[in-house]
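With the hints as your guide, set chains B and C onto chain A.
Chains as they are written, first to last, in UniProt numbering: chain A, 1 to 474; chain B, 1 to 474; chain C, 1 to 474.
The hints are simulated quantities; they were obtained by calculation from the structure and are not laboratory data.
Treat each hint with caution, since some may be false.
Where chains are identical, the list cannot tell them apart; a pair therefore holds if satisfied intra-copy or between any two copies.
As a list, the in silico BS3-like pairs of lysine-lysine whose alpha-carbon atoms are at most 30 Å apart [what the hints assert, rightly or not]:
#1 Lys-280 with Lys-152
#2 Lys-6 with Lys-469
#3 Lys-280 with Lys-6
#4 Lys-152 with Lys-6
#5 Lys-469 with Lys-152
#6 Lys-345 with Lys-6
#7 Lys-345 with Lys-280
#8 Lys-469 with Lys-280
Note that the structure is predicted; figures quoted are calculated from it, not measured.
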Amino acid sequence: MNTAAKPLVLHEDRLFPSDPAQRAIARRLYAQIAGLPIVSPHGHTDPSWWADDAPFANATELLLVPDHYIFRMLYSQGIPLDALGIPRADGSRAGVDPREAWRVFARNTHLFRGTPSSLWLDHVFAEVFGLGVRLDAGTADHYYDTITDALKTAAFRPRALFERFGIEVIATTESPLDPLSHHQAIRDSGWSGRVVTAYRPDPVIDPEHEQFRPSLERFGELTGENVYDWDGYLRAHQQRRAFFAAMGATSTDHGHPTCATADLVPAQARALFTRIVAGKSLPEEAELFRAQMLTEMAAMSVDDGLVMQIHPGSFRNHNRALFDRHGRDKGADIPMRTDYVRALKPLLDRYGNEAGFRLIVFTLDESTYARELAPLAGHWPCLFLGPAWWFHDSPEGMWRFREQTLGTAGFYNTVGFNDDTRAFLSIPARHDVARRVDCAVLAKLVAEHRLDEDDAAEVAVDLAYRLPKQAYRL
Amino acid sequence: MNTAAKPLVLHEDRLFPSDPAQRAIARRLYAQIAGLPIVSPHGHTDPSWWADDAPFANATELLLVPDHYIFRMLYSQGIPLDALGIPRADGSRAGVDPREAWRVFARNTHLFRGTPSSLWLDHVFAEVFGLGVRLDAGTADHYYDTITDALKTAAFRPRALFERFGIEVIATTESPLDPLSHHQAIRDSGWSGRVVTAYRPDPVIDPEHEQFRPSLERFGELTGENVYDWDGYLRAHQQRRAFFAAMGATSTDHGHPTCATADLVPAQARALFTRIVAGKSLPEEAELFRAQMLTEMAAMSVDDGLVMQIHPGSFRNHNRALFDRHGRDKGADIPMRTDYVRALKPLLDRYGNEAGFRLIVFTLDESTYARELAPLAGHWPCLFLGPAWWFHDSPEGMWRFREQTLGTAGFYNTVGFNDDTRAFLSIPARHDVARRVDCAVLAKLVAEHRLDEDDAAEVAVDLAYRLPKQAYRL
Amino acid sequence: MNTAAKPLVLHEDRLFPSDPAQRAIARRLYAQIAGLPIVSPHGHTDPSWWADDAPFANATELLLVPDHYIFRMLYSQGIPLDALGIPRADGSRAGVDPREAWRVFARNTHLFRGTPSSLWLDHVFAEVFGLGVRLDAGTADHYYDTITDALKTAAFRPRALFERFGIEVIATTESPLDPLSHHQAIRDSGWSGRVVTAYRPDPVIDPEHEQFRPSLERFGELTGENVYDWDGYLRAHQQRRAFFAAMGATSTDHGHPTCATADLVPAQARALFTRIVAGKSLPEEAELFRAQMLTEMAAMSVDDGLVMQIHPGSFRNHNRALFDRHGRDKGADIPMRTDYVRALKPLLDRYGNEAGFRLIVFTLDESTYARELAPLAGHWPCLFLGPAWWFHDSPEGMWRFREQTLGTAGFYNTVGFNDDTRAFLSIPARHDVARRVDCAVLAKLVAEHRLDEDDAAEVAVDLAYRLPKQAYRL
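If we strip away everything but chain A, and leave its shape as in the complex, we get (with noise of 0.2 Å):
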C-alpha cells in the first residue's frame, strides 16, 4: 500500500440530508431502526452457502464476479468481462489471475462515484472488513489481501456472517424444479438461520425461455403429473407450490417481460396450452399464455396463501455477441415502458377483492410511479408497491419512490426494502442505504410540519421491519 492512501470514513450521518433541522430528525429516527434485525423477502443469494457453510474463495470471486453492477459499468467503458475473470456461457472462464481482476476494478473506482455501487461496496470495506483507505491502484494488492486473508477465518463464514449481519429470516429464489435440498440440508443441520425458498416458475411458464421444453419435461417427472395435460400441468404448480410452502417459502416471483394478465375462459386457456405444448402456437400467444398463467397463479395464491410477486419490464441479453460469449444476466438487461392499467385488469377483475390474496408489483419504469401503481395500490385491497428496485435502487431512486407513491398509496400500500442480490456481503449495506433514505423522507415531512415525529418514528419502525414480515407472511 501506498502512503498516498486516501483514508475511508463511513461518515454516521451519511445519506442524512445536510440541512441542520432535517438532519437532526433524521438522526433520532435512525437510531431507533439502526439495530433492528434485517428482513429479506426477495434475493438471490445462494442456499448451499449456508448448507455447505464452505468459506469464499477471494476477493474477486466474492465481490467482483457475482456483481453485475460493477462489471457491467467497467464493460461499459471499454473493459471485456473476460479480463475480470466473468465466466464465458459454456462455464469457461479467461485464465485471468483474480488478483489481476481485482486490480483493474481498483484503477477504475472513478466510474463509481455517486452510484449505489459505491455507497455498498465502501460499507462492506470498511464495516465487514474494517478497512481504513480507499480502494485505488495503489491499495489493490492491500485489499485484495486484507480480504481473501479474513476470508478463511471461521468469522467470515456464511454462517458466521449470517449471524453477523442480524438476519432474522431471508428468502432465496427458485425454480420449479429445484429440489430444495440446499433449503433441506440447511434445516437438517440444526442451524437456527431462517433460509426460505420462494417459488419463480418462469422456466415452465414462459414458452419462449430457452430452457421451457426441457423444463417442462423435469416438471413432469418430478412430479409424476402429466404437464402435457392442462389440468396436469395446473396440479403439478399446486403440487411443487405446496413442497416449496413446506420448505418455509411464503411467495412466489415471476419475471415476466409485461404485466400483461389474461382471464380467458378454461376451454379457451386449455386450447392455448395445448397448441403451445404441441409447438403449434402463434408467436403472439406466448405473450398471451404467460398472462394467463399469471390469473392462474393468482388463482392459486387464493387457495394457499403464497404472496404473489411480478417483477415485469426487463429487456433480457440487450447485446447478442456479449450474450453469446458469456450467457444470460451480465449487465446487459435494459428496462422498458411498462403499462399496468389495462394490463393488470383482468387478473385484478377476477380475484382483486379476493380478502386473502396479496400482489407485489415492482416497476422499472418510474414514469409508473403516480400515474398507474400508485393510484392501483392506493385503491385495489390485494396491491401492495414492491419497492424500488435494480436501476432505481439509488438514493436518487428511492427518494422518486417515496416522494412519486406517497400522495396517493402512502406510506401503507407498500412493502418496505427488498436487497434482491446476490451479492450477500451487501446485504446489510443496501439495507442500510434504505433505512437511511426512508428516515431522510420522513426527516423533511417533520421538518415541513407535515407529520409529528412520533408518527415518523412509528413509520420508519414499520418500514424497516414490520411492513416487510407482514406484507410477505413471514
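For chains B and C alone, coordinates are given in the frame of chain A:
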C-alpha cells in the same frame, strides 16, 4: 376522549422548506397572499347547498361519504365500502350507523400519513371546527360529536361557511341537461355569494357513456332541436351554452379518456354523427366522434368566449365488481399514459392561433409536463396549463408541476389553482396548500438568486388570485 | 431611463443551494472550474461571423431575432412574430422598427421569470454589456442604445468576443452540401480561434425533408458520384465526411424524428434506396431508410473515427399556419415520447462493441433517462449520454438529468455540456449555468457524505473540460 390524546397543531410554517433562508422568504411571500379571496374556477360542489342553505347532517355525511380520497384508501386496506356507509349503485345503503363508520375511519388515520388528505383534514379539523387533538380511535367520538353538534348551528350552514372561507367566486359543473334551478334559486335569493356553473357535455357527447341515449333524447326535449340531425345537435349545444353563460358560466369542461381531437370536413362529421345516432358506428368511431366534438366545442368557444377545459387520461371504473355494487366515482379511476402532441394538433391547427380562444389542458400523466405540455403552452397562444390535478394535488405533485413546466412555459402560461373538489370544507385547506407550495417554490428561486423577491411577490399574487380570474374570465 | 429602474445584480452564489453546508462546498468546487476555457462541441453559431468579423447590427438583431426561446414565449402570449421583426418564410420582414420590437420584448420580461432565458439574458446584460439595471418598459431604450452602441466598437466584433469568452474550440453544424468556405476563410485568415464544423446530413438522408430531392442532386454534383446508385450514394457520404474531417470536424449529427435504427442485408438496403430515389417507396419506408442510414453512418464512424450524435424526438413545425407564414425553427417544435431500447438495438448489435466507435445519444423525453438511457450507457461501451438538451436545459432539467442518470451511468458515461445554441452571446452564460449546476449536484453528494470533496473537484473539472474534449476527440 381518552387522556392520551395527541395535540393537533397546524404549524404556521407548514409546507415551507426547513432551510432558514428559504423559509424566511416563503413566510414573507405567503404573508402577502394568505388573506386573498378564494377564486375557485373549477370544482364539483353541489349548488343546492347554497340554494337551500340547509345544515349538513353529521361528520360522516359531510367529511367521509363524499370524499373518494378517503374511502378509497380505506378500501385499499380491505375495509368494505359498506362499512363506511358509501351508497350502492341503486342508491341504497348498508344499514351502518354513521358514528360506527366514523370510528372505522378514526382507527385508520395512519394510512393517510404524508398524504394530502391528512393536510386537508387537519386544516378542516383545526381551523373550521377548532379541534385541538388528533383524530384516532380514542378521540373518534369526541370528533363525531363536536363536528355533528357544530353542524346544527347557523355558523356552519353552507352560506355562512362560504362567506367565512372568503370565497369570491366558485364554479360548479353541470350537464347540459341540468335545468340550473339551484343556480337560479341562488340568484333569486338575493344572497351575495357568487356561484357560477360550467358546461360539461360529456353525457351528450360520449357515445360510450352509459346514459348517452337517454341524455340525447332529453337534450332534444330541453332545446326543442332535432338532436338526431347534425345541425340540430350543434344548435342544441349552442343554445345550452348560451343558457349556461347567462347563468354565469365562463367555461366548458371535457373529461374525455384521451386528448384526441379531429378536424373532419363537415360532410364527414355529419356522416359520422348519423352513424353514431343510428347505432351503426364502428367501435373506434366513438373515439373519433369525441375527438371531432372537441374541435366543435373549440369552434363554439371562439364564438361565445367560453374558456375550454380538457381533463383527459382517466381509465374510469377499473374495478368491475365494485362498479357493479357501488357505481361510478368510487375511487376506482386510474390514470393512463396520455399523448398531447399528435392528439391536439387537429384542433390547434384549426383554432390555436385565434385571438379570443382559450384552452386549458390538464394531465394525469406527469411525464408529459416537460416533454409535451410545457412546450405546447410555451408556443401556442390559446393554450394554458391547468394545475397539478387529482392524483397529483399533493405538495410533491405541485412541486413536480412547477419544476417540470417552469423552464419552458414559465409561470404565465399556467392558470393558478383549481381545487376540483366535492369536499366543500376542504376548499380553504386546498387553496392554502397550493399557496404555500407556490411560495416555497418561489422562495427557492429567490434563495438561489434566480428571481428578485419583489418579482416573486408579484408572481405569488398572480398565481393565487390574478391568473385564475384572468384565465377563466371571472 | 426612468428613475425607478431596478438594479440588476448577478449574485456570486446564484444557482447554488441555499443550505450553508452545500453552498460552501459548491463555492469551492466552482472556484476551481469557473475560469476553465469553454469547449463547445455542438452548436449552431454562424461561421461567417468569424470569417468576416463584421459587427453585429443592433440589440434586436443580435439578441431577439435569432433566439427562438424568447420569441416563442412572446408568441405564446399572443404577440405576433411580425411585431418582433421575425423573418417570414419568403425572407421578407414586416416593416417593424427594431427598437419597437425591443420595446415589446422589454414590456414582457415577466414572462421569463424563473426560466433559463432570464438567467442567460441577465448574464449577457450584466457581464457582456455592463448593464446595471433590469430590463423593463422603463429601461428598454437605455438597453437598446447601450447594446447597439457597444456593437459598433472593436471589442464587440465576433473574434474579439470569441477571445474574451475564453472559447478554446467551438463546433458549428453544416450540411454535406455546404462548401465550408467560411471555415476555409477562418483558416486562411491566420486568426488563432479554433472553429470546426460537424457533419449533419439530414437533408440528404431524410426522404421526407422538403429539400431532399434538390439536396440529393446537389450532393451528386458536389461529389461527382452517382448518388442515385446505392454504392455511389454511400461513397458520396464518405467523401464529404473526409472533407469535413479535413476541415476540423470530429463528429456527425443526426436529427431524426425517432431513434430507430435498422440493419438490413445489403441487397435489401440497396433495393430500399432504389425505391426511395425512384419515388416509389411506401410512406413507412422513409422511416426505415433513415433507420438504415444511422447504421450506415455508424459503419463509417467505425472507419473514419468521427463521433456520432443522435438528437431524436422532436415533432417539427407543430403549428401549420405559423410554418406557412414564417417557416422552420420558429419555436413550434414539440418533443415526443421516444423509445431507445428496441430502436437502437440493430445498430448496437452491429457496431456497439467496436473499440473505436463512439455514439452520443440525446433525448427530449426525460422519462427515458433512468429507464432506458442510463442502463444503455451503463452497459454498451460505445454509448455516451449527451447533456440535458433544448427544452431541458434549465437548472431543473440539468438536476433531473444528473439525478436520473447518475445511479446507473455514473458521471463517466456522460460527456459534459453542449450549449447547442445560435445565440452566440449566451454561450458563456450557458456554460456558467451548467458548471454551477454540476457543482451544486456535487456539493449535495459531498454534504450528504456520499463523495469526498477532492473526488468531487476532479469530477467538476472532468464535466466542465476533460470529458467534452475526450468524448468529442477535440
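>> Checking each numbered hint in turn, tell me which of them this model violates, lowest number first.
In response: The structure conflicts with hints 1, 3, 5, 6, 8, although it agrees with all the remaining ones.
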